[in-house]
Amino acid sequence: MPDDVLADLAAATDGDAVRPAGDGDAVAGVAPRYVAAPGSTEEAAALLRVAAARNLAVVVRGAGTKQDWGGPPRRLDLLLQTRRLTGVVEHAAGDLIVVVRAGTPVAELQAKLAPAGQQLALDTPLPPGAAATVGGVVATNTSGPRRMRYGTVRDLLIGITVVRPDGVLARAGGKVVKNVAGYDLGKLFTGAYGTLGLVTECAFRLHPLPTARAFLSCRSSDAAEAGSRVAAVLASQLAPSALEVDAAPGGGTETAVLLEGTARGVRERATAARALLGGATVTEQPPPWWSSYPWRSGDVGLKLTAALSGVPRLLAAAADAARRHRAPLTVRGSAGTGVLYGALPAATAPEAVAAIVTELRAETAAVGGHVVVLTAPLAVGERVDRWGPVEGLDLMRRVKAQFDPEARFAPGRFVGGI
Amino acid sequence: MTTTDISTLATALRPVLGDAQVISDRQELRTYECDGLAQYRVVPALVALPRTAAECAATVRACVDAGVPFVARGSGTGLSGGALPHAEGVLIVTSQMRAIRAVRPEDERAVVEPGVINLHVSRAAAPFGYYYAPDPSSQQVCSIGGNVAENSGGAHCLKYGFTTNHVTGLEVVTPDGDLVRLGGPAPDAPGYDLLGAFVGSEGTLGITTEVTVRLTRSPESVRTLLAGFAGTDQAGAATSAIIAAGVLPAAIEMMDALAIEAAEAAVRCGYPAGAGAVLIVELDGPAAEVDAHFTDVERLCREHGAGEIRVAADDAERALIWKGRKSAFAAVGRISPDYIVQDGVIPRTALPEVLRRIAEISAQRGVRVANVFHAGDGNLHPLVLFDDAVPGQAEQAEEVSGAILDICIAHGGSITGEHGVGMDKVGHMPRMYSADDLDTMQLLRCAFDPRGLANPGKVFPTPRLCGEVPGRRRGAHPLQEAGLAEVF
Chain B
69 MPDDVLADLA AATDGDAVRP AGDGDAVAGV APRYVAAPGS TEEAAALLRV
119 AAARNLAVVV RGAGTKQDWG GPPRRLDLLL QTRRLTGVVE HAAGDLIVVV
169 RAGTPVAELQ AKLAPAGQQL ALDTPLPPGA AATVGGVVAT NTSGPRRMRY
219 GTVRDLLIGI TVVRPDGVLA RAGGKVVKNV AGYDLGKLFT GAYGTLGLVT
269 ECAFRLHPLP TARAFLSCRS SDAAEAGSRV AAVLASQLAP SALEVDAAPG
319 GGTETAVLLE GTARGVRERA TAARALLGGA TVTEQPPPWW SSYPWRSGDV
369 GLKLTAALSG VPRLLAAAAD AARRHRAPLT VRGSAGTGVL YGALPAATAP
419 EAVAAIVTEL RAETAAVGGH VVVLTAPLAV GERVDRWGPV EGLDLMRRVK
469 AQFDPEARFA PGRFVGGI
Chain L
13 MTTTDISTLA TALRPVLGDA QVISDRQELR TYECDGLAQY RVVPALVALP
63 RTAAECAATV RACVDAGVPF VARGSGTGLS GGALPHAEGV LIVTSQMRAI
113 RAVRPEDERA VVEPGVINLH VSRAAAPFGY YYAPDPSSQQ VCSIGGNVAE
163 NSGGAHCLKY GFTTNHVTGL EVVTPDGDLV RLGGPAPDAP GYDLLGAFVG
213 SEGTLGITTE VTVRLTRSPE SVRTLLAGFA GTDQAGAATS AIIAAGVLPA
263 AIEMMDALAI EAAEAAVRCG YPAGAGAVLI VELDGPAAEV DAHFTDVERL
313 CREHGAGEIR VAADDAERAL IWKGRKSAFA AVGRISPDYI VQDGVIPRTA
363 LPEVLRRIAE ISAQRGVRVA NVFHAGDGNL HPLVLFDDAV PGQAEQAEEV
413 SGAILDICIA HGGSITGEHG VGMDKVGHMP RMYSADDLDT MQLLRCAFDP
463 RGLANPGKVF PTPRLCGEVP GRRRGAHPLQ EAGLAEVF
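Chains as they are written, first to last, in my numbering: chain B, 69 to 486; chain L, 13 to 500.
For the record, the hints were derived by calculation from the structure and aren't laboratory data. Owing to the predicted nature of the structure, the values given are computational and were not obtained by experimental measurement. Positions of the beta carbon are idealized from the N, C-alpha and C atoms, including for glycine. Do not rely on the hints blindly, as some may be mistaken.
[As the list claims (entries may be wrong)] Stretch by stretch, here's where chain L covers chain B in the computed footprint (C-beta under 8 Å, at least three residues):
#1 228 to 241
#2 247 to 256
#3 370 to 380
#4 434 to 440
[Stated by the list, open to error] Sample of chain B residues with no beta-carbon within 10 Å of chain L, all distances over it, derived:
#5 Asp82
#6 Ala89
#7 Asp93
#8 Glu111
#9 Lys180
#10 Cys286
#11 Trp358
#12 Leu446
#13 Ala469
#14 Gly484
[To be verified] Residues from chain L that keep clear of chain B, each with C-beta distances beyond 12 Å, as calculated:
#15 Ala32
#16 Gln39
#17 Ala65
#18 Arg110
#19 Gly282
#20 Val302
#21 Arg311
#22 Ala324
#23 Arg330
#24 Ser348
#25 Val379
#26 Asp400
Can you make the complete structure from the sequences, with help from the hints?
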């Protein structure tokens, strides 16, 4: 029997862009019926108008490096891939801005910017070889060590082009860094997990590549000692680009500092930082764990946040929970901004994961933060509340209802079942 | 909305806020008729001065129940008419909520009420070696609540960003009258970044009642230089060269000959005599880095034709260099009876071309334009001079001012870099954004304010009809429908 929906989708594109779904297209265990890879923003809009008319549930996929984040979709008809929405639209080096299509791998973008001595100052903490796309990084709001100096997606994104769930194409912001005309929809789409529509183009502010850098690392015996080192660096005027900790189960805590700048400046600052830390190894290359999540594919991955002074407490609480539940909980992340990541092996009993998450939530709540379960095996996902308490959830539901009244975009993937 | 309704509302609010906190006397109301953009004047029907978040929420709820629009106002220094009152609405003034609740350098945070003056945050943090980075020129009088509404910038946002980059948490009264927390002391709260959407929404999504701001560690070293150039072309080229060299100064400011003349007349800042343009470049950070880059900056200025270069030897000399720049707007009053402060943005590299176009238009129309701008990020503040006493001059100045915005749009820039759209630039929004863009932005507004009661008529030229209004715990007032119809 001919498939009318498939025919409609194909008619909206150049034809080759649409196919029936097959093995390997499932999102968190949920299989779509169709897969489409539009070649332009206009084609994406045409596809999404068909999806709206046919009441199709849609999930957007970039490189798929974080497709396991968030809950499984409640329903799924169309998997929309951004792999053909690639390339730099404009790189105005003199203005330190770039406009790039959402399906472009971040690494490819960086390679295009580097010859001009520029960078998108955003780390993408992924296993080597993973080609996270610009759109995926924006949709999941990922960040890494250098967020301490440059901020996160929300601080670097200056303009955005989206296709709404009803297929309408819209832009917000622009391509100048300073701009307060209209609502900043880029921030709304950042970290929205594809629940408000499809991001097709992003404009970013860029930063010059530093001419020199130095990593300093040192090992502390416990969370308290690491905490006092972190506090000493924070109170200094050394302006580090990153301040990270890595606490493996039973292995003490490593603290690492990144300094970026001129050759002379970095040399002098490294000497001062070394003294401040009470001794440290100084290298040009990062420690092996730098800018990588502590979990492997299939493990439980947590994001833990805290007000800055709460970081040592959180490290201690994590070590304590690991001991009591006999679970090898690794914690790593940006002590300089209050964002840590935790990992538990895939084989950890779901009950133990749930108990640890509950205990850590009590700790983060006491220091103004949250615990989010970014990724987890399905059995664990069913046992834990992935997002925990969310302030402003009622308003978020209302935003969702305005943008996607039929709840067709990534339904169930986001906070409060959005 | 009738007089009776407003007096009913006033009667309902007095026991909640206190008699002195509700103003209905016509003469007193008149003192609130405009904000920093005095060309628009509207006397509000009522002024409410809440002292707590709960009082602010109660005031909004009373407005919702009566179907009366409300406008929030901080210090009233805004330059786009964003806090222009509504003739049939309540002006909710937050300037009496001015406690600094906490300064926590160990968290790099301070928690303040919306009426707190911008500069007072930095003063409170200074003993600990921290400061609040966004520094609008009005920082001695403008409030943090107003900064949040406008996403205010300042001379140093080239390096440090705007209000939105320095606010991590808010407590707001929604247009339903509910108190809601967005964000907090920690970053990356789960869910949509409503905090990011709220900052810069110009009072159309609700009223801020508490702000958690990021404090920044004071830099080890600050170095400032003033360089005189023959004209803006040379100063612009120097700016581009500094950026191209990979230097990110804390600030790069430019003033043209007319702006220099005005500043000299007003504050005797001692800028180089006969300069066609001056650049102020400030570097900050670790001393070793600042020293290295400062040498580059001096060299690049000379290579691009700088005559005199003056380096501030101490804080007093730095203050003198900045005095001319910071007083520039007011100083123009010395050389012209009236003037319009424009605020537009262009890509930095378009600077020479855009300045030539402005000069051409100025010459063609016989309207003088003084240029003061944040050169590092392409944010222009042309000051269009006129004499209101001469018939036709105000209109001419308006035309020139509008033409400058058109040039900004044509170069892919923005109609406002920091002053906001407010009432002043509502008409320009459709030139910068498509109907679909504006419609999409208003989806957010409909989520927050389906009745369209929060600062109606600002930012968007045509309000979107929001469809079904979500249910409230109180029944809808019969007059609300009538009120809504009037608002729209």
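Structure-based check of all given hints:
1. 228 to 241: holds (count 7)
2. 247 to 256: holds (count 9)
3. 370 to 380: holds (count 7)
4. 434 to 440: As far as the region 434 to 440 of chain B goes, the hint holds, because 5 residues have Cβ atoms under 8 Å from chain L.
5. Asp82: Aspartate 82 of chain B clear of chain L: closest Cβ-Cβ about 24 Å, beyond 10 Å.
6. Ala89: 29 Å, holds
7. Asp93: 27 Å, holds
8. Glu111: Non-interface label stands for glutamate 111 of chain B: nearest chain L Cβ at 17 Å, farther than 10 Å.
9. Lys180: 17 Å, holds
10. Cys286: 20 Å, holds
11. Trp358: 20 Å, holds
12. Leu446: 20 Å, holds
13. Ala469: 7 Å, violated
14. Gly484: Incorrect as stated: the minimum Cβ-Cβ distance to chain L is 8 Å, not above 10 Å.
15. Ala32: Alanine 32 of chain L clear of chain B: closest Cβ-Cβ about 33 Å, beyond 12 Å.
16. Gln39: 35 Å, holds
17. Ala65: 15 Å, holds
18. Arg110: The claim holds: arginine 110 of chain L sits with its nearest Cβ about 23 Å from chain B, beyond 12 Å.
19. Gly282: Label holds. Min Cβ-Cβ 29 Å, cutoff 12 Å.
20. Val302: Violated, because the least Cβ-Cβ distance between valine 302 of chain L and chain B comes to about 8 Å, which does not exceed 12 Å.
21. Arg311: Arginine 311 of chain L clear of chain B: closest Cβ-Cβ about 14 Å, beyond 12 Å.
22. Ala324: 19 Å, holds
23. Arg330: The claim stands: arginine 330 of chain L keeps its Cβ more than 12 Å from every Cβ of chain B (closest is about 18 Å).
24. Ser348: 26 Å, holds
25. Val379: With a cut-off of 12 Å, valine 379 of chain L remains clear of chain B, as the shortest Cβ separation is near 24 Å.
26. Asp400: 28 Å, holds
Checked against the numbered hints above, the structure breaks hints 13, 14, 20 and satisfies the rest.
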